[in-house]
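K.L.:
Residues per chain, in single letters:
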Amino acid sequence: MTTSELIKQLSISLNISQKDAKQLVFQELNILNDILGQDNQVIIKGFGSFGLRKSRKSSTPGNVFFRPSKNLKSFIKNWRPE
Amino acid sequence: MTNKVYEGEIRNRLANDCKLTKVFARQFSNEFFNTIRQGLLDDGYVRLHQFGSLRLKWSKERKGIHPQTGEPIIIPAQPRIQFTTAKNLKDTIQNSDYIHTIAESCASKTTITAFYTRDSADELSDTNDPAPFYNSRNYLPDEIIPESAQHIKKQSNHKILAASMMAVVITGYILHSLNTAPITTDNPGNTTIALSTQTPTVNTISDSDQLYINSETVLEQNGSTLTEAQPATAINTKVDHEDVTTQTPTTYLGQASDTQTSVSLTTETTYEAATTKSSPANAVQISNTVLADTTASVPEATNIDHNSNIHSDSASLDITAQPLQASVIQNQHIVNSEATAVTTSVYFKERPYKLKDGNSLWRLSQKNYINPFYWPHIYQANRYKINNPDKLHTGKIITLPTLYGHPEKLTDQDKRNIAEGYFLAYQYYKSKNTPQPYFALLGALKYDPTIIKKYIYEISDEDWKNIQLVSN
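One line per chain: the protein sequences are A and B, in this order. Per the working numbering, the very first residue in the first sequence carries number 7; after that it's consecutive. Per the working numbering, the very first residue in the second sequence carries number 22; after that it's consecutive.
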């Protein structure tokens, strides 16, 4: 799923125009970016958490990690690669 | 130091930035993550623009050691989620000075449709403003748009271009004309008004700027006719052939003449300014040129909210200028002191209504708006209270929205709302696979065809063909 597909899905499910859905999606991602950029951890209930794993070297930027929640893990547990 | 930010804070920020209701922000946020989750399961990956991508990977069975007991165990094969950070996010983390590069802030750019925002429909009535550069149907290639809609797109492009130019030119002209010396006349009742502005955009257009629109001002000087291009088309252009005799040096559009000049303006610029201070009329017309029968004096005070409604053949736009400070220099007169107040008569004023047994949108519309075909107006206003337009829940309180014009003479705002409602109904019927959902689109076409332009990419090809067949 790409961002454009996500936008289409959201516009259908929320019954809003794609233009508005796009703006909202971008704003949501913008906020997530902003929060992670400020060295904060984002916790989303039922989905997981995004955080920043800092490097030991001060010159190297940290990596963003994603830790899925139990809910998400159980949701995907039956997934099998094609 | 790492702080934990929870979903609620994100929702609040989203609601604040985009002026959404908290309910809708919650709904959006939930749907956003649910869709990602479902997309992850369906496709195995979700790519989020300039944020990163989530990908499902299959980890094989492997040996491990139990962390507590230290015994060797076999970790079963299972899917795991891998997150890859986008370059933009990496840069964000690397740079302390974070620059928003994904999209500009919603607050400055977005005009979210009224039905799920805090703002009332009145405040956001100018929904036909040019869309942002992205996803704007007006800037998409022609081949994407069905042929029958091409003319809409072209008209729309012209309108937007003209509207943009008009906005710049007229704003500049207003400021320019307010700052130039006024025309001083001998005729009794003639007006000399100068307005000084505190608007920070005073320097938008200077005297040397040459911004011309097709309008012309005809100056008659000593019998000979001079034709000059006028920097702006008149606002609410009003033809007035009354001669004005100027005595003192007249500054007109930055050009001064020392001689007495007989000026006959074929077009007259009329501004409507609503004063915040109490006056006999809420609105006074301030004109550069002169109208007779004006005796009342302008109150000294100031703070005139200058609202200009600009209309032209090709475009219609509203400009709300910054508050101006008016100072009257000499011979202060109000033009048309008995100007009628700018009060919009409303046929039906908005009011809440508790649904009863047997109510339907059709009947409510018939009862309140006379015409039952205006039911989408109610549906549009209560989009998040009414899911299915054909089923209303008894006891629920809905809003019967304002109808500005008489049912037989609807205003553009009313038509737009009704068309929007029809389109929402189309979307609903389509999502529920109701047969022939395109009939709702016919209503939208009838009341405001521009709605088709606005949502053209949400109409399926099949429905589009059917509309054409039926409408033909």
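Simulated from the structure, these hints should not be mistaken for laboratory data. Hints may be right or wrong, so weigh each one.
What the hints assert, rightly or not - In silico BS3-like cross-links for lysine-lysine, where the CA-CA straight-line distance does not exceed 30 Å:
no. : chain 1 : residue 1 : chain 2 : residue 2
1   : A       : K51       : B       : K377
2   : B       : K377      : B       : K406
3   : A       : K76       : B       : K43
4   : B       : K436      : A       : K60
5   : A       : K14       : B       : K377
6   : B       : K40       : B       : K436
7   : B       : K388      : B       : K370
Said to hold, decoys possible - With the C-beta cut set under 10 Å, the calculated list includes, among others, these residues of chain B facing chain A:
no. : residue
8   : F45
9   : Y66
10  : V67
11  : Q448
12  : K475
13  : W485
14  : N487
15  : I488
16  : Q489
Unchecked claim - Chain B regions said to be covered by chain A (calculated; three or more residues, Cβ under 8 Å):
no. : stretch
17  : 24-37
18  : 84-93
19  : 394-401
20  : 433-441
The C-beta atom is built at its ideal place from N, Cα and C for all residues, glycine as well.
K.L.:
Each hint should be assessed against the structure and marked as holding or not.
P.N.:
Verification of the hints:
For the given pair, K51/A sits about 39 Å from K377/B by alpha-carbon distance, which is inconsistent with the 30 Å threshold. For the hint linking K377/B to K406/B, the alpha-carbon distance of about 15 Å falls within 30 Å, and the restraint holds. A hinted pair counts as satisfied when its Cα atoms are at most 30 Å apart, and K76/A with K43/B qualifies at roughly 27 Å. Proposed proximity of K436/B and K60/A is contradicted: the alpha carbons are some 56 Å apart, above 30 Å.
Our distance criterion of 30 Å between C-alpha atoms is broken by K14/A and K377/B, whose separation comes to about 36 Å. Proposed proximity of K40/B and K436/B is supported: the alpha carbons are some 25 Å apart, at most 30 Å. At roughly 14 Å between alpha-carbon atoms, K388/B and K370/B fall within 30 Å of each other, so this suggested pair holds. A cut of 10 Å between beta carbons decides the hint on F45/B: the least distance to chain A is about 8 Å, and the hint holds.
Below 10 Å, beta-carbon pairs count as interface contacts, and Y66/B has one with chain A at about 7 Å; its hint therefore holds. Hint on V67/B holds. Least Cβ distance to chain A is approximately 5 Å, under the 10 Å limit. Hint status for Q448/B: holds, given a least beta-carbon distance of 5 Å to chain A, under 10 Å. Given the 10 Å rule on beta carbons, the hint for K475/B holds: about 7 Å separates it from the nearest Cβ of chain A.
Contact between W485/B and chain A, as hinted, is not supported at the beta carbon level, the nearest pair being about 16 Å apart and thus beyond 10 Å. About 20 Å separates the beta-carbon of N487/B from the nearest beta-carbon of chain A, more than 10 Å, and the hint is not met. Hint status for I488/B: violated, given a least beta-carbon distance of 18 Å to chain A, over 10 Å. Because the beta carbon of Q489/B sits about 22 Å from the nearest beta carbon in chain A, more than 10 Å, this interface hint is broken.
With 8 residues bearing a CB less than 8 Å from a CB of chain A, the stretch 24-37 of chain B meets the requirement of three and the coverage assertion stands. Against chain A, the stretch 84-93 of chain B contributes 0 residues with a C-beta closer than 8 Å to a partner C-beta. That does not satisfy the three-residue criterion, and the hint is violated. With a threshold of 8 Å between beta carbons, the proposed coverage of the stretch 394-401 of chain B by chain A is violated, since 0 of its residues qualify and at least three are required. A count of 0 residues in the stretch 433-441 of chain B with a Cβ less than 8 Å from any Cβ of chain A is obtained; the coverage claim is therefore unmet, three being the minimum.
In terms of the numbered hints stated before, the structure departs from hints 1, 4, 5, 13, 14, 15, 16, 18, 19, 20, listed from lowest to highest.
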